[in-house]
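Plus 2 on top of the position in the sequence shown (first one is 1) and you've got our numbering.
Bear in mind the hints are in silico, worked out from the structure with no lab data behind them.
Computed from a predicted structure; not experimentally measured.
Each residue gets a CB set at the ideal place from its N, CA and C atoms; glycine is no exception.
The reader is advised that the hints may include incorrect statements.
Below, a list of computed lysine-lysine pairs in the DSBU-like style, where the Cα atoms sit at most 30 Å apart [claimed, not checked]:
#: 1; residue 1: K99; residue 2: K7
#: 2; residue 1: K69; residue 2: K20
#: 3; residue 1: K89; residue 2: K20
#: 4; residue 1: K69; residue 2: K7
#: 5; residue 1: K89; residue 2: K7
#: 6; residue 1: K7; residue 2: K20
#: 7; residue 1: K99; residue 2: K89
Computed spacing ranges between beta-carbons, pair by pair [said to hold, decoys possible]:
#: 8; residue 1: V60; residue 2: F129; range: 46 to 52 Å
#: 9; residue 1: G35; residue 2: I133; range: 49 to 55 Å
#: 10; residue 1: L135; residue 2: A64; range: 38 to 44 Å
#: 11; residue 1: G132; residue 2: E17; range: 28 to 34 Å
#: 12; residue 1: Q32; residue 2: L82; range: 31 to 37 Å
#: 13; residue 1: Q33; residue 2: A71; range: 14 to 20 Å
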Amino acid sequence: MFPLKSEELFAAAAEHQKFAQAATTAMNSQQQGWDAVFAGSLSGPGFDAGQRTLGTLVANYASQAQKSADLAQVLYQTGLAQRDIEKAAERVRQGAKSLLSAALHRGTILGDKAIDSLPICYQILMFLHGISLILDK
3 MFPLKSEELF
13 AAAAEHQKFA
23 QAATTAMNSQ
33 QQGWDAVFAG
43 SLSGPGFDAG
53 QRTLGTLVAN
63 YASQAQKSAD
73 LAQVLYQTGL
83 AQRDIEKAAE
93 RVRQGAKSLL
103 SAALHRGTIL
113 GDKAIDSLPI
123 CYQILMFLHG
133 ISLILDK
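Sequences and hints are given; from them, build the entire structure.
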């Protein structure tokens with residue numbers, strides 16, 4: 003029904019979160035070394051250009067770490083929502099099976115009012131099927 007299971011989304015979120023934490027730790031540990039090098043003990047146009055280049059690289063690295071952290075959060079929230087949809091879909095599937103089974107034994111298990119609810123269950127199943135088609139694209 004879904005391209006990825008909620009467990010797979012949670013696992014992907016955890017991996018992105020690990021990367022973001024590792025990247026942040028690496029940048030923080032290197033920060034002291036950079037501060038010592040760029041403390042003003044060196045100067046000149048070449049040094050200034052190198053310092054700007056390194057600053058750009060660090061900014062890009064930090065940006066990627068932040069994107070990974072943001073993606074981890076989105077994947078986690080998507081996993082939570084999908085898990086709820088999976089549970090609801092399973093309940094609807096079980097209910098539809100029960101109603102179908104009961105409808106096959108008309109009069110012995112279900113009355114006419116319960117059988118009248120079958121079209122509603124069918125519409126719910128079609129709605130869930132439509133959502134799954136959208137998610138598959």
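Hints versus structure:
1. Taking the CA atoms of K99 and K7, the gap is about 23 Å. The hint holds against a cut of 30 Å.
2. For the hint pairing K69 with K20, the CA-to-CA distance comes to about 13 Å; that is within 30 Å, so the pair holds.
3. Proposed proximity of K89 and K20 is supported: the alpha carbons are some 28 Å apart, at most 30 Å.
4. Restraint check: the Cα-Cα separation between K69 and K7 comes to about 23 Å, which is no more than 30 Å; the hinted pair holds.
5. Restraint check for K89 and K7: the C-alpha separation of about 12 Å stays at or below 30 Å, so the hint holds.
6. Restraint check for K7 and K20: the C-alpha separation of about 20 Å stays at or below 30 Å, so the hint holds.
7. At roughly 15 Å between alpha-carbon atoms, K99 and K89 fall within 30 Å of each other, so this suggested pair holds.
8. Distance hint check for V60 and F129: the Cβ-Cβ separation is about 49 Å, which falls inside the suggested range of 46 to 52 Å.
9. For the pair G35 and I133, the supplied restraint of 49 to 55 Å holds, since their beta-carbon distance comes to about 51 Å.
10. Against the hinted window of 38 to 44 Å, the Cβ-Cβ separation of L135 and A64 comes to about 39 Å, which satisfies the hint.
11. Between G132 and E17, the C-beta spacing of about 31 Å keeps the proposed range 28 to 34 Å intact.
12. Checked against the hint of 31 to 37 Å, the C-beta distance between Q32 and L82 comes to roughly 35 Å, which is consistent with it.
13. The hinted range of 14 to 20 Å is satisfied by Q33 and A71, whose Cβ atoms lie roughly 18 Å apart.
Of the numbered hints given earlier, the model fails none.
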